[in-house]
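Hints given; two lone chains; assemble the complex.
Line by line, the protein sequences give chains A and B. Position in the first sequence counted from 1, then plus 276, gives you our numbering. Position in the second sequence counted from 1, then plus 1, gives you our numbering.
Wrong hints could be hidden among the right ones.
Said to hold, decoys possible - DSS-like, lysine-lysine: derived pairs with alpha carbons at most 25 angstroms apart:
#1 A/K364 with B/K55
#2 A/K444 with B/K109
#3 A/K444 with A/K570
Just so you know, these hints were derived from the structure itself, not from any lab.
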Amino acid sequence: MDYFVELFFSGLTRGSIYALIALGYTMVYGIIGLINFAHGEIYMIGAFTALIVSTVLSIMGFPLPAIIILTALAAAIWASAYGYTVEKLAYRPLRNAPRLSPLISAIGMSMFLQNYVLLAQTPDFLPFPALIPDFAFMERFAGVIGSSDLVILITTTVIMILLTLLIKFTRTGKAMRATAQDRTMAMLVGINVDHVISVTFILGSALAAIGGMLIASHIGQINFYIGFIAGIKAFTAAVLGGIGSIPGAVLGSFILGLTESFATGYVSSDYEDVFAFSLLVLILIFRPSGLLGKATIEKV
Amino acid sequence: MLELREVCTYYGNIQALRDISLRVEEGEIITLIGANGAGKSTTLMSISGIVPPKRGEILFRGRPIHELSADRIVALGICQVPEGRHIFPDLTVAENLDMGAFLRRDRKGIARDLDYVYSLFPILRERRNQPGGNLSGGEQQMLAISRALMARPQLLLLDEPSMGLAPLVTRQIFEIIRQINREQNTTIFLVEQNANLALKVADRGYVLETGRITMHDRAGALRANRDVQRAYLGI
Ligand SMILES: Nc1ncnc2c1ncn2[C@@H]1O[C@H](COP(=O)(O)OP(=O)(O)OP(=O)(O)O)[C@@H](O)[C@H]1O
Ligand SMILES: [Mg+2]
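Bound conformation, chain B alone (with noise of 0.2 angstroms):
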């Protein structure tokens, strides 16, 4: 479905991504671990056009996107949840929710998705007219992951979703993302520190370091992997 192809992005002069490889089959869950700095952020930001890169390919389902806008991105079915949540602090939940679904003009689709996305994750109801700047962290992420889906993403990018949270709410989002995963058939690249968890959810993985793709295996052998497990989950 996605494939990046020798992708080398830079900040300025400074290199972030040294020849990126990777594969995302439809359907699956995929996960990027690797430390603090690694690139994983970066490289969804190069996947949805906000920081290109300069070589290197990215094709989605066969076509050649590192060219196309961001919006262009995001039309063609790839949105992504971004590291920090970045809800739209001045408007209500509800207009949150109402931007996610800014490509689209299917009303009666727009209000089924709202329909579910409220059914997931009930407090954004009862706060739909508060401003999304008045949420706490856990309820901002859901606020953001619900607005992504919104956009009906074919493959849904999320960085770091379980940033900041409780491992209650944490356990109820990856719940959440496995969910969506089987219901919508949305392919997920999922990023994360919580390198256990990720493994746990994902089909596959991809460790990240220093801008390097060092190891990809299925995720129940990363898990077992030795130094995967002495390097990311602290066995």
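Chain A with its partners taken away, still in its complex shape (with noise of 0.2 angstroms):
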């Protein structure tokens, strides 16, 4: 019993990763119709900035909390600058564009983000610190659930509640609505949409830049590779909750998380990607909007 519980958590603590990572995927194509395959990038860089600004900044002897939220705040504030600039410089000039475009452009920039990562810093894996300490309080549930586990999931339900209500009440969220429903008519009500476009790469880049610090700090290390299987696994998640859908990919991730832990639990750990991808092939295949997604009917 105590296996299934600590699976059960495990599940829970990959399906928040992906969660964060999967929001960015599903709100920028809801919003351009685009699949940003360089979204896993700016999730890697977010691990990236969090291990530079942390180790400074615990070499310059900042307390433990100060250290974390700081480097939550540089991460996510550098990975959207990332994200910002990608969009303008990669997918804004296409908007217009064949659909194959930006997509070739969104994939060439992928690449262009991991070469230069592997380049800028290093092809090896390096070791990150662990940043969220053993609480004393959780010793009687440790084997079934971690500290950093614990702590992983409360932010990601912070955050997940603060997107929701941003979304729903602010200004920003309804022209985020507005201009994911009917873009020229979000024109013509007097949005800017340009400017919805680059605040919602920033919102998606912060979210990943977030999930990125904090699994990292879980694991313990990081490379320039790890954006590809994250990102994938992400998108698949988007894709299993119906793409464009944020409750969509939230539930996505938590399912493809729970399936990976126990999967991995009672079967083996050499089919962790197998199964994860014959939940995308399934779907694919019986239910292609995905489980919250909308079958597309054109409406006249």
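Pasting the structure below:
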């Protein structure tokens, strides 16, 4: 039973990280209909920024809570700057081009960013310090759920709630929803669509960066390639939930995280990725619009 | 109030508007009539900055607007009810109306205008919590017009408000267009297939044929014109 609960929580932790990344895919897709293949790299850049900033801050002798908060902020801001710039340079000029062009541009951006970090940093794995200490009160749950899992779960939940409030009630959130539903009409009511698209990239990048920092601290190492696998998994989760749907991305992420966790725990960890992609294939066959995605009906 | 000077608009390499020149005076209702594909919607989209002209000028109160972005043009007071209504399907009726007032900050004024549009179309008040996508075509048209009114436009561009509506609803919508023009002193630029009806409410009219203006006159004169009668009024 303990083993089951342990797998359950480790599945939730995985799911949380997937969700933080998947939200960026799904929001961008919802607004401009593009699969932003460079999004995994933004997550990777967030993790690298976190590594550098947290190392510098701890050498300077900052207390741990300050290190965590400042690192999260720095990673989110730096990754957002990348996300914003990628959109501006690689996607905006192709806004009215055939659909395939921005997709190819996205794949190019992904490769560029990977190789840029590979050359600027190192091809090797770098150790990442554990930012989350082992809380004393968590000791009796040891073996079932760790302190860092708990922090990841809580952080993700808080972020999801804030994001939901932002999208539902703020002016920017309303503009995002309107733009996703009908871009021409959004322009006709006076929404600056370029601005909305930039905000979407910034938000998605910030979430991914925080995901990158959390998981790097949880696992303890990073390299230039972590964005690729995590990106594909999160993308799978977004498709599973229905790409373009925000609740769908969260649901898909948790289903994927739990499936992977149980499958590797009870069957074999050699097949971890096989389960994820089998799930993707099944969903594409039986429910191509995803669990919460809408079947597109053309209404005249 | 609005002036187009030799406007040419393209979709890629295809030219949709050829040297369109026209004027709209403050407080009037003008109509642009023409067959399918003549370029009526394109004219409105050029004015709104969605499909900006390649050549020519568009002046609003003497100020060039053809290089402004669409949201800046709305901010100047030019609003469009596009062809096909374009209701935000997953926003409720109330949220759709709220989007119409996106650029406004005066809460009191917004509340007053909300009451006003609900008084024009009581059905919208009843349906205010339903998703816009669930309304019938006629209700969506009422919502689309109301949403534009929520912006308090100085110039309202209407693209085929009668499309797909029953004659009774069409008459009601046209009555309200007149009312908006009179009571709110909103200038109206009406694009219509239903030339008969359009020329009845309008002060002046322009005829568009394959991207060119071929005639313009007072609405009454156009209705009496033999060519217009044969081509557009089915007489
Ligand atoms: N998005 C587009 N891409 C390419 N060509 C277009 C596009 N929209 C319109 N056109 C072309 O431009 C011309 C004018 O179209 P427009 O929609 O302005 O006509 P319209 O007068 O509004 O017609 P209708 O009465 O059918 O609405 C047509 O030849 C049309 O095929
Ligand atoms: Mg048209």
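Hint-by-hint comparison with the structure:
1. A/K364 with B/K55: holds (24 angstroms)
2. A/K444 with B/K109: holds (22 angstroms)
3. A/K444 with A/K570: holds (19 angstroms)
The structure shown violates none of the earlier numbered hints.
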